[in-house]
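Visitor: Chains as they are written, first to last, in full-length UniProt numbering: chain A, 1 to 200; chain B, 1 to 239.
FYI, nobody ran anything at the bench for these hints, they're computed from the structure.
Some hints could be false.
[Claimed, not checked] Which chain A residues face chain B? A few, computed with CB under 8 Å, are given here:
(1) K55
(2) T130
(3) S138
(4) R168
(5) P169
[Unchecked claim] Partial list, derived from the structure: chain B residues whose beta carbon lies under 7 Å from chain A:
(6) M88
(7) V119
(8) A121
(9) A159
(10) E207
Note that the structure is a prediction, hence the values are computed from the model and not measured.
Glycine residues also receive a C-beta, built at the ideal position from the N, C-alpha and C atoms.
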Amino acid sequence: MSATIRTQEEIAARVKALESMLIESGVMTTQAIDRMVEIYEHEVGPQLGAKVVAKAWSDPDFKARLVEDASEACKELGISGLQGEDMVVVENSESVHNVIVCTLCSCYPWPVLGLPPNWYKDPQYRAAITREPRKVLSEAFGFTVLDNAEVRVWDSSSEMRYWVLPQRPGGTDGWTEEQLSELVTRDSMIGVGPVAPVAS
Amino acid sequence: MNGVFDLAGTDGVGPVIVPDEEPVFRAEWEKAVFPMFAMCFRAGFFGVDQFRHGMEHIDPAVYLKSPYYEHWVHTVEHFGEKLGKLDMAELDRRTAHYLANPDAPLPEHADAPELLAFVNAVVPAGAPAKRPSDKVARFKVGDIVRVDRSAPKGHTRRARYVRGAVGEVVMHHGPMVYPDTAGNGLGENPEHVYTLRFTSEELWGAEHAEPNGSVYFDVWDPYIELVTSATDNTEGAVA
Numbered sequence: 001m002s003a004t005i006r007t008q009e010e011i012a013a014r015v016k017a018l019e020s021m022l023i024e025s026g027v028m029t030t031q032a033i034d035r036m037v038e039i040y041e042h043e044v045g046p047q048l049g050a051k052v053v054a055k056a057w058s059d060p061d062f063k064a065r066l067v068e069d070a071s072e073a074c075k076e077l078g079i080s081g082l083q084g085e086d087m088v089v090v091e092n093s094e095s096v097h098n099v100i101v102c103t104l105c106s107c108y109p110w111p112v113l114g115l116p117p118n119w120y121k122d123p124q125y126r127a128a129i130t131r132e133p134r135k136v137l138s139e140a141f142g143f144t145v146l147d148n149a150e151v152r153v154w155d156s157s158s159e160m161r162y163w164v165l166p167q168r169p170g171g172t173d174g175w176t177e178e179q180l181s182e183l184v185t186r187d188s189m190i191g192v193g194p195v196a197p198v199a200s
Numbered sequence: 001m002n003g004v005f006d007l008a009g010t011d012g013v014g015p016v017i018v019p020d021e022e023p024v025f026r027a028e029w030e031k032a033v034f035p036m037f038a039m040c041f042r043a044g045f046f047g048v049d050q051f052r053h054g055m056e057h058i059d060p061a062v063y064l065k066s067p068y069y070e071h072w073v074h075t076v077e078h079f080g081e082k083l084g085k086l087d088m089a090e091l092d093r094r095t096a097h098y099l100a101n102p103d104a105p106l107p108e109h110a111d112a113p114e115l116l117a118f119v120n121a122v123v124p125a126g127a128p129a130k131r132p133s134d135k136v137a138r139f140k141v142g143d144i145v146r147v148d149r150s151a152p153k154g155h156t157r158r159a160r161y162v163r164g165a166v167g168e169v170v171m172h173h174g175p176m177v178y179p180d181t182a183g184n185g186l187g188e189n190p191e192h193v194y195t196l197r198f199t200s201e202e203l204w205g206a207e208h209a210e211p212n213g214s215v216y217f218d219v220w221d222p223y224i225e226l227v228t229s230a231t232d233n234t235e236g237a238v239a
C-alpha cells in the first residue's frame with residue numbers, strides 16, 4: 001500500500017502491464033474486453049430505464065407489476081442482468097421525492113441505467129446526499145424539492161438495487177410510449193433531476 | 001472495517017461536481033479495467049463482496065483522490081497477489097516497460113470463444129445474491145429495530161452512520177449472501193435482508209438534520225436487534 005497518487009500515464013502503464021499478464025494467463029482476451037465495452041457503451045444505458053418508465057406511465061397494470069417486483073416486470077421488456085438482479089422501483093409523488101446513492105462504494109442499477117456517471121461514484125456525492133439531500137440537489141443539480149415533500153434517500157448497502165419512477169408530467173395526454181420515453185432522463189431515475197420539459 | 005470509503009455524513013470533502021457531458025469511459029485504460037471485474041470473477045479471483053473489500057484496503061489518500069476505475073486495479077492486484085495468480089515483481093517490470101513504451105503492443109493471443117460466450121451470458125443473466133435458507137426471519141415489516149454497535153475489522157456493510165440508530169423495518173427481501181462472511185472468504189452463509197427507514201433527525205440530530213427527510217438502508221438479520229415488535233407498535237411508524 002502506498003500513498004502515491006499516479007498520473008494518467010502511470011495508471012495507463014500499470015493497467016497495460018496487468019492486462020498483458022491477465023491475457024497471458026487466459027483470464028482475458030482483447031475480444032472479450034471489446035465486447036464488454038461495446039455492451040456498456042452502446043447497448044445497456046438509461047434509454048432502457050426510460051422505456052420501462054414510459055410503459056409504467058401508460059399502462060397501470062404494468063406499473064402495478066413494476067412496483068410489486070421491478071426485476072420481474074423489466075424482464076417482460078427483455079431488460080435484466082448484472083448489477084440489477086434484484087431491483088426495486090420507488091415512486092415519486094406530490095408528497096415524496098426519492099433519490100438513490102451507494103455511500104459505501106458505487107452500486108447502481110446497470111440493466112436500466114447503464115454504468116453510473118462519475119459524480120455518482122465520487123466521494124463528494126456519497127458523503128453529502130444522506131446528510132443534506134436538499135442542499136446537494138439544489139446546489140449541484142439546480143433541482144429544488146418543495147419543503148412539503150419528504151425526501152427519501154435510498155442507500156444501496158445490499159444487492160437490492162433501487163431506482164426512481166418519476167412522475168408523469170402534465171400536458172402529455174395521449175402521448176405514445178415512445179414519445180413519453182424521450183422525456184425520461186437518467187437524472188430523473190437517479191432522483192437528482194427532473195424529466196425533460198414538455199414543449200407547449 | 002472502519003475505513004474512509006464509508007463516506008456517508010463525512011463533511012469537508014468539497015462540492016459535488018457535475019460535468020455537462022462525459023463519456024462512459026474517459027480513457028482507453030478505463031476500457032481495459034472495466035471488464036476485469038467480470039473476467040477475474042470468472043477466473044476465481046474474488047466474489048463481489050471480496051471485490052469490494054479489496055477496494056476498502058486502498059490507502060485512504062489514494063482512495064479519495066484517484067480516478068474511480070483505478071480502485072478496481074487495486075482490488076485485482078490485491079487478490080492476484082494474495083492468491084498467487086499474479087507475480088508482482090513481473091507486474092512492476094512490465095509497468096516500467098509500458099511506461100517507457102506506451103505504444104508497445106499487448107501479447108499476441110488467440111480469441112477464446114468461451115470468454116466471449118461468458119460475457120454475452122453474464123451481462124443479461126447477472127449473478128443473483130438471493131439464496132434459499134432454512135433460517136427463520138427474526139423481524140417483520142413494522143418492527144422497530146436498532147442497528148448494533150458492532151465494528152468488525154474485516155468486510156461488512158455496517159455503515160458507521162447507522163450504527164446504534166433506531167429505524168423501522170419497511171421491506172423484507174428474504175435471504176441473501178452475507179457480506180460479513182463472503183467478503184472475508186468465509187462462505188456465503190445467507191441471512192435475511194431488510195430495508196430500514198431512519199428519519200434524518202435520528203441519524204443527524206434534530207439540530208443538524210434537514211427537515212422532512214428519511215434514509216432507507218439495507219441490513220442483514222444479524223445487524224439488528226428488536227426495540228418494539230410491529231404487533232405492539234400501534235403507531236406503525238417511527239415518530
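Visitor: Let's test the interface hint: is any C-beta of chain A closer than 7 Å to that of E207/B?
Guide: It is violated, given that the least Cβ distance between E207/B and chain A is near 13 Å, above 7 Å.
Visitor: With a cut-off of 7 Å, does the beta carbon of V119/B approach a beta carbon of chain A closely enough for the hint to hold?
Guide: With a closest approach of 5 Å, the V119/B hint holds.
Visitor: Tell me if the interface restraint on K55/A is satisfied: Cβ within less than 8 Å of some Cβ in chain B.
Guide: violated (19 Å)
Visitor: Holds or violated: the hint that S138/A contacts chain B, with Cβ atoms closer than 8 Å.
Guide: Given a least distance of 11 Å, the restraint on S138/A is violated.
Visitor: Measuring from the C-beta of P169/A to each C-beta in chain B, is the shortest one below 8 Å?
Guide: The hint is violated - P169/A has no Cβ within 8 Å of chain B, the shortest such distance being about 22 Å.
Visitor: Tell me if R168/A is really an interface residue toward chain B, meaning its C-beta lies closer than 8 Å to one of theirs.
Guide: With a minimum Cβ separation of about 23 Å from chain B (threshold 8 Å), the hint on R168/A is violated.
Visitor: Minimum Cβ distance from M88/B to chain A below 7 Å?
Guide: Since the shortest Cβ distance to chain A is 10 Å, the answer is violated.
Visitor: Quick check on the hint: A159/B CB to chain A CB, less than 7 Å?
Guide: holds (6 Å)
Visitor: A121/B was flagged as interface toward chain A. Is the shortest Cβ-Cβ separation under 7 Å?
Guide: violated (10 Å)
Visitor: Holds or violated: T130/A as interface residue toward chain B, Cβ cutoff 8 Å?
Guide: holds (5 Å)
Checked against the numbered hints given earlier, the structure breaks hints 1, 3, 4, 5, 6, 8 and 10 and satisfies all the rest.
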